[in-house]
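Listed below are the residues making up each chain.
There are 4 protein chains.
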Amino acid sequence: MIVILKKGAQPEAVARLEEILRAKGVTANHIEGATQNIIGLVGDTSRIDVDSLMVQDCVESIRRVQEPYKQANRKFHPDDTAIPVRDCIIGNGSLQVIAGPCSVETEDQIMKTAIACKKAGATMLRGGAFKPRTSPYSFQGLGKEGLDLLIQARKETGLPIVTEIMNGADLDLFADIDVIQVGARNMQNFELLKALGKSDKPVLLKRGLANTMEELLMSAEYIMAGGNQNIILCERGIRTFETWTRNTLDISAVPLLKQKTHLPICIDPSHAAGIASLVEPLSLSAIVAGADALEIEVHCDPKSALSDASQQLTPEKFESVMSNIRKMADFLGRPMGK
Amino acid sequence: MIVILKKGAQPEAVARLEEILRAKGVTANHIEGATQNIIGLVGDTSRIDVDSLMVQDCVESIRRVQEPYKQANRKFHPDDTAIPVRDCIIGNGSLQVIAGPCSVETEDQIMKTAIACKKAGATMLRGGAFKPRTSPYSFQGLGKEGLDLLIQARKETGLPIVTEIMNGADLDLFADIDVIQVGARNMQNFELLKALGKSDKPVLLKRGLANTMEELLMSAEYIMAGGNQNIILCERGIRTFETWTRNTLDISAVPLLKQKTHLPICIDPSHAAGIASLVEPLSLSAIVAGADALEIEVHCDPKSALSDASQQLTPEKFESVMSNIRKMADFLGRPMGK
Amino acid sequence: MIVILKKGAQPEAVARLEEILRAKGVTANHIEGATQNIIGLVGDTSRIDVDSLMVQDCVESIRRVQEPYKQANRKFHPDDTAIPVRDCIIGNGSLQVIAGPCSVETEDQIMKTAIACKKAGATMLRGGAFKPRTSPYSFQGLGKEGLDLLIQARKETGLPIVTEIMNGADLDLFADIDVIQVGARNMQNFELLKALGKSDKPVLLKRGLANTMEELLMSAEYIMAGGNQNIILCERGIRTFETWTRNTLDISAVPLLKQKTHLPICIDPSHAAGIASLVEPLSLSAIVAGADALEIEVHCDPKSALSDASQQLTPEKFESVMSNIRKMADFLGRPMGK
Amino acid sequence: MIVILKKGAQPEAVARLEEILRAKGVTANHIEGATQNIIGLVGDTSRIDVDSLMVQDCVESIRRVQEPYKQANRKFHPDDTAIPVRDCIIGNGSLQVIAGPCSVETEDQIMKTAIACKKAGATMLRGGAFKPRTSPYSFQGLGKEGLDLLIQARKETGLPIVTEIMNGADLDLFADIDVIQVGARNMQNFELLKALGKSDKPVLLKRGLANTMEELLMSAEYIMAGGNQNIILCERGIRTFETWTRNTLDISAVPLLKQKTHLPICIDPSHAAGIASLVEPLSLSAIVAGADALEIEVHCDPKSALSDASQQLTPEKFESVMSNIRKMADFLGRPMGK
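Same order as they appear, the protein sequences are chains A, B, C and D.
Our numbering puts the first sequence at residues 1 to 338.
Our numbering puts the second sequence at residues 1001 to 1338.
Our numbering puts the third sequence at residues 2001 to 2338.
Our numbering puts the fourth sequence at residues 3001 to 3338.
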């Protein structure tokens, strides 16, 4: 951490600052510049609050040198984290395709869709039981009943199941779920993150609509600090001024997060664009960029879907997308599912 | 709601669409255009899901004509909503100034700060007991103990108290709090909003970092749909590419929200900019733009604050800001506090 | 175009509006709704200014149904546009790789770099002679001398040359240049676009940092309206709140622009991220998403470069990137260069 | 400037870096940290390109300590710059109101509007002769004829005139114009900025839609580096994801730019929101925040305007806005016009 002093800072103010720093257990190194003086801090600066230094009279600005995330940091954990989910492993070089409807709607719908996903080559099943909807008047999901239907679909197809939690108090309901998803709008619901830190379930953590990659890693850090190391990061589009797409897929996040963290990365092309015809090109781009997993919305009958109808693929379209995904995975030497 | 048909849409596909619309209880009116045909929907379209129409074969696009928020809509509720909070009223033309520290830290700190705020003319007291922090390693607030200290500070000063909730499960702890705050990161924590809908406490609902004004109103609608009409909206800066300020205060939100909704509006100049020296000019701008309330961070000793040190005012600075706020309120004929 | 009338609009105001519409040669169709009346406009609405209708007393809002771009619109020009550039063709299914330094610095530098690019398999050469720099104190490019050095490098390597214009008045200097580039900051420099409309040179038009895809197409429309149909669109990253990358590559722009327009699409992975190590993954993603061309910065000695040092590849690194690009192009059945 | 070294950087690489730094005339000071080493640079670092250091093997990152703008920097020029424009002075504590139509359309329109603006108390007249329009099919302005009409309107009313330039080659046409405006889309049209640097006319420089305040100051620096110190900065709204307003007025820019630079600040509430009813509250907010000038669009008959109809005020509405502006200016002790 580096402290840039104000021009003409009073020696007494600087002395007071140094005392504060000493009390926090770091050493101060002075550099006298031609126009400005600087103090370099040596020691464990992770507990120093930037703001609390900023308000000292003599301080002009502060620059952090080290990343604020530790357990998620590849520097301190160079090897990729691979997360087993029943028969699948996420993060070991394989490619996982998590497919299924936006919402679990009926037994018929989830069973038909799950069987179609399995047949097309999906390796995991998704489906929303608790749905975060912008409007209180929209379909809010089947709740507990939806979770039961997912478990039934897993029995039928063997596919591990992924579904979203919205409330830490519901955690017990998720005891038989394979991967717990945290939605974009809850990325900084810290109470929920803390609750998940006490679980040992794999967590699929989605990046918020206006959150930076560093903030995504800090939210992962919340869960990891609680003791749960099984985090899959998911980029699902960020909010920009572009209006043709629902969000803007930040494809650079894949290779860049791979450099910064050891955690596996998933891409959700369905929410990223909100347009079914973009799912295939974005999926292929994501694989090529290095994504460990894809999460794709598929519905046995999108025209009757209760949510996100325009971005869900039909089983036929999904089969065709999967065929091209498989070819690309083959070309890249990446096995699917294991 | 208006449906724009694809060029060359098949009559059968259009007939199928009309059947769907009829089933939803709306009437379809056709307009034959030179290059494109359009269907205007008449009736209660609030329950029609745009996405579910979008996927019909013959549909090119859909345009909504009516706002999706109802109870928060000024069209259906032309008079301003005024919310009593003990002796204060928010939204009746008066000006409220909610002041206090970012976090409640110690008894001494909150009592000193509360007394200073009261003396300078603040009409309500704020202070965080449950703190949403980006890093799990930062100070997380005193929790229940912080709420108790706030109640003690209210006893001493008579100021109604405002503090943030992060988890619907904690609602019972807030029984003796006057206004419950929902932070920007929880604006779309729908489980929390639903819990607050069942309460009758005034809620100070902060706009998310990347949320539109319409989304803010939809989140208010969640609480109102649950039965709680006592919502104060709060603009606290949105995220942009600008880096000199922590966020960008969207001052236009004040007069525009006043047109769209009957709910009172609060501005938080401290979080908006993250810079203490901007609190005064932004506060004055907000009052002039029509804000019903301000929320300002004040700390008896910012240099020792455990969070947000750089944006909290000293009691002396706050007194000087309040003196100019009072002059402006006088000039505009707006009483303070009642 | 659809006009939504205010509730309780006066019949006289509506009659006046209809008169205005008739005068503009369009027909008005009324739909009486339960809560709101709507007018659908039939005819050539491309000359109607939305704003001029908005201010009529009876109008609540206006919705455009048709795209404002015509010549760039795939609807009216279903076949892909292929643009010949000497021996290369951009937009015919082949893949072009435009490589070279950010700036032309010296004869030695551009010749060495050009030869290395050619050797590695680049199909065109880029290099900046007129440089748009944020600071007036930064290197501004060699100007005319830089263009001459590029022409010399073309003589040596046979690679067609691409370079940026910043001023319509300079157009004569570009007579012997193969493709004229318009930088992101000049995307809405309409005087420059008009000047290029009178030329017949291929134009590589970069999307502005905060421009939508529709605005990019409107800027292409400016050039096309002037008579020049040879436009290559280039996505080079847009500005978001993310700070780890210089910009955010909008990969969705590739497949979506392909749907909306017949013009070829280029991706610039070097400027998009501003990080050399991301050039390879972003290039591969772009090809897979359907890009017709890539523009990659290569410098014979990046460590001594006068601009954008951190995003330029060494010749060795570029060779390795090209080897993977070639494999991907082969796999996709896309010939390079022709 | 501070250089953060990679962990385990080779001593030879560091030695090479130091040699480079020495060659650039700056002194390197080492700080040995517990986990990372840092070099602080002392001397004139304004000519060091951050990128060129970034590519050295041993460098992990670079932090700039000093601002890259010099002539615009208040640090080196503590007194406010006041710019005389005929009888008016911008930046001396007075308040200027620049009013007039978006575009000069006809002699009758500009004369009527100018007289109405003068009568209502405007101190300067605006009007566009060269119009930057998103679509090539929209009205492009009267060009030279428009400038002549403005000069005629000045003769009639005595109001100094402000109008936009789009092309450095047109500068001669602006010889009799009082203030030359650079539009948001041309803020980084560096060729135009250079041309204006050679003029001595006051320049009203608008912030780009997605530009930071620092970039605005760098564009001012371009003009100042050319010798022209008469710059008025103008904030006119930035692009965000919010859709209810055309842009988001960054009101914080007023007090913050006042801290960073000595140049006067203008606010354009008409373009910022694109909504006539917001002009008054935003104008009052801007004055209170410290703006030196306002630029407001007024049209003698907005309903017939050829551009931006929905944001232009009628003369009657403008009179009412001006009456409140005057009261506020009186209250703040700010004279209008001189």
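Source of the hints: derived by calculation from the structure; they are not laboratory data.
Hints should not be assumed to be uniformly reliable.
Said to hold, decoys possible - List time: in silico DSS-like cross-link candidates among lysine-lysine, alpha-carbon distance up to 27 Å:
{"hint": "1", "chain 1": "B", "residue 1": "Lys1198", "chain 2": "A", "residue 2": "Lys144"}
{"hint": "2", "chain 1": "D", "residue 1": "Lys3075", "chain 2": "C", "residue 2": "Lys2144"}
{"hint": "3", "chain 1": "A", "residue 1": "Lys6", "chain 2": "D", "residue 2": "Lys3075"}
Do the hints match the structure? See the list:
At most 27 Å may separate the alpha-carbon atoms for a hinted pair to count; Lys1198(B) and Lys144(A) meet this at roughly 21 Å. Pair hint Lys3075(D) plus Lys2144(C) does not hold up; C-alpha atoms about 38 Å apart against a cutoff of 27 Å. For the proposed pair Lys6(A) and Lys3075(D), the alpha carbon gap of about 11 Å is at most 27 Å, so the pair holds.
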